[in-house]
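Participant: The lines below spell out each chain.
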Amino acid sequence: AQSVTQLGSHVSVSEGALVLLRCNYSSSVPPYLFWYVQYPNQGLQLLLKYTTGATLVKGINGFEAEFKKSETSFHLTKPSAHMSDAAEYFCAVSAENTGNQFYFGTGTSLTVIP
Amino acid sequence: DAGITQSPRHKVTETGTPVTLRCHQTENHRYMYWYRQDPGHGLRLIHYSYGVKDTDKGEVSDGYSVSRSKTEDFLLTLESATSSQTSVYFCAISAGQLNQPQHFGDGTRLSIL
Numbered sequence: 113a114q115s116v117t118q119l120g121s122h123v124s125v126s127e128g129a130l131v132l133l134r135c136n137y138s139s140s141v142p143p144y145l146f147w148y149v150q151y152p153n154q155g156l157q158l159l160l161k162y163t164t165g166a167t168l169v170k171g172i173n174g175f176e177a178e179f180k181k182s183e184t185s186f187h188l189t190k191p192s193a194h195m196s197d198a199a200e201y202f203c204a205v206s207a208e209n210t211g212n213q214f215y216f217g218t219g220t221s222l223t224v225i226p
Numbered sequence: 046d047a048g049i050t051q052s053p054r055h056k057v058t059e060t061g062t063p064v065t066l067r068c069h070q071t072e073n074h075r076y077m078y079w080y081r082q083d084p085g086h087g088l089r090l091i092h093y094s095y096g097v098k099d100t101d102k103g104e105v106s107d108g109y110s111v112s113r114s115k116t117e118d119f120l121l122t123l124e125s126a127t128s129s130q131t132s133v134y135f136c137a138i139s140a141g142q143l144n145q146p147q148h149f150g151d152g153t154r155l156s157i158l
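If you read the protein sequences in the order shown, they are chains B and R.
Read in the numbering used here, the first sequence has 124 at position 12, and its numbers run on one by one without any break.
Read in the numbering used here, the second sequence has 98 at position 53, and its numbers run on one by one without any break.
The hints are simulated quantities; they were obtained by calculation from the structure and are not laboratory data.
Don't take every hint at face value.
Label-pair restraints from in silico Cβ distances [what the hints assert, rightly or not]:
hint, chain 1, residue 1, chain 2, residue 2, range
1, B, Q154, R, R67, 32 to 40 Å
2, B, E183, R, T58, 45 to 53 Å
3, R, S156, B, H194, 16 to 24 Å
4, B, E208, R, T62, 21 to 29 Å
5, B, K181, R, E124, 41 to 49 Å
6, B, P226, R, T65, 39 to 47 Å
7, R, N144, B, S115, 14 to 22 Å
8, B, S121, R, N144, 25 to 33 Å
9, B, E183, R, A140, 42 to 50 Å
10, B, P152, R, G96, 14 to 22 Å
11, B, E178, R, T127, 22 to 30 Å
Beyond 12 Å from chain R on every Cβ pair, some chain B residues (computed) [unchecked claim]:
hint, residue
12, V116
13, S124
14, K161
15, F175
16, H187
17, S196
18, A198
19, E200
20, E208
In this text, a Cβ means the ideal position worked out from N, Cα and C, and glycines have one as well.
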């Protein structure tokens, strides 16, 4: 079975500082991994995805994530936080044995301090 | 943005009443999903559909039923609403390939008093 763990339900960073949001997954087969962002009163928007190939994937708004199989991780980073990055972030996993289901983490709320 | 419309966007109702939420898509995607979002739980799958009249249960299906009579519409029904079903409900769609993302509607905020 698949599962996702997001360490830290709340993360605060200063504007201009590095953003690091952690995601670890559990999967018995090669995973497909996704990061989504949710702004208040909106649905989830795709930030980036890893399926196969290059393990460092770039997404929208300057975010990127690296798939590390040995660490079963897919952490999300951004070199310099902007006020507009304040939102809820969700990591998700799917795989060939999930019956077309996605499994989501419980989310990390990012606060950006001016 | 993917063409997904959820209705209503907000609803307040009383315990014991039936409630139906609608998800409409214009993408002709095969798969449709209903999730609920609650603090500390992230998104939890209620039911999903893999085609017209083809549905399956998710993690938290008790107290919910679904129907899909057309590709574009996926209905979620609470037969007799309870206060524990107060939540934000999201519909999502996907083309079906696992390496493709799900796309989400803007949600329905449901309060059951």
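Participant: Between B/P226 and R/T65, is the Cβ distance one that fits in 39 to 47 Å?
Facilitator: holds (44 Å)
Participant: Find the nearest Cβ of chain R to the Cβ of B/E200 and say whether that gap is larger than 12 Å.
Facilitator: Check fails; 9 Å does not lie beyond 12 Å.
Participant: Just double-check B/S196 for me: nearest Cβ-Cβ distance to chain R has to come out over 12 Å.
Facilitator: holds (18 Å)
Participant: Falls inside 21 to 29 Å, the C-beta gap from B/E208 to R/T62?
Facilitator: With a Cβ separation near 41 Å, B/E208 and R/T62 fall outside 21 to 29 Å, so the hint is violated.
Participant: Has the hinted range 16 to 24 Å been met by the Cβ atoms of R/S156 and B/H194?
Facilitator: Given range 16 to 24 Å: violated, Cβ gap about 34 Å.
Participant: Is it true that the C-beta distance of R/N144 to B/S115 lies inside 14 to 22 Å, as the hint says?
Facilitator: The hinted range 14 to 22 Å holds for R/N144 and B/S115, with Cβ atoms some 19 Å apart.
Participant: Non-interface claim for B/F175: all C-beta distances to chain R beyond 12 Å?
Facilitator: Non-interface label stands for B/F175: nearest chain R Cβ at 15 Å, farther than 12 Å.
Participant: Quick check on a hinted range of 25 to 33 Å for B/S121 and R/N144, using CB atoms only.
Facilitator: About 28 Å separates the Cβ atoms of B/S121 and R/N144, which means 25 to 33 Å holds.
Participant: Tell me if the beta carbons of B/P152 and R/G96 are separated by a distance inside 14 to 22 Å.
Facilitator: Violated, at about 34 Å.
Participant: Does the claim that B/A198 lies outside the interface with chain R hold up, using a Cβ gap greater than 12 Å?
Facilitator: Holds, since 17 Å exceeds 12 Å.
Participant: Between B/E183 and R/T58, is the Cβ distance one that fits in 45 to 53 Å?
Facilitator: For R/T58 against B/E183, whose Cβ atoms are near 46 Å apart, the range 45 to 53 Å holds.
Participant: In this structure, is the beta-carbon distance linking B/E178 and R/T127 contained in 22 to 30 Å?
Facilitator: Since B/E178 and R/T127 have Cβ atoms about 43 Å apart, the given range 22 to 30 Å is violated.
Hints 1, 3, 4, 9, 10, 11, 12, 14, 19 and 20 from the earlier list are contradicted by this structure; the remaining hints agree with it.
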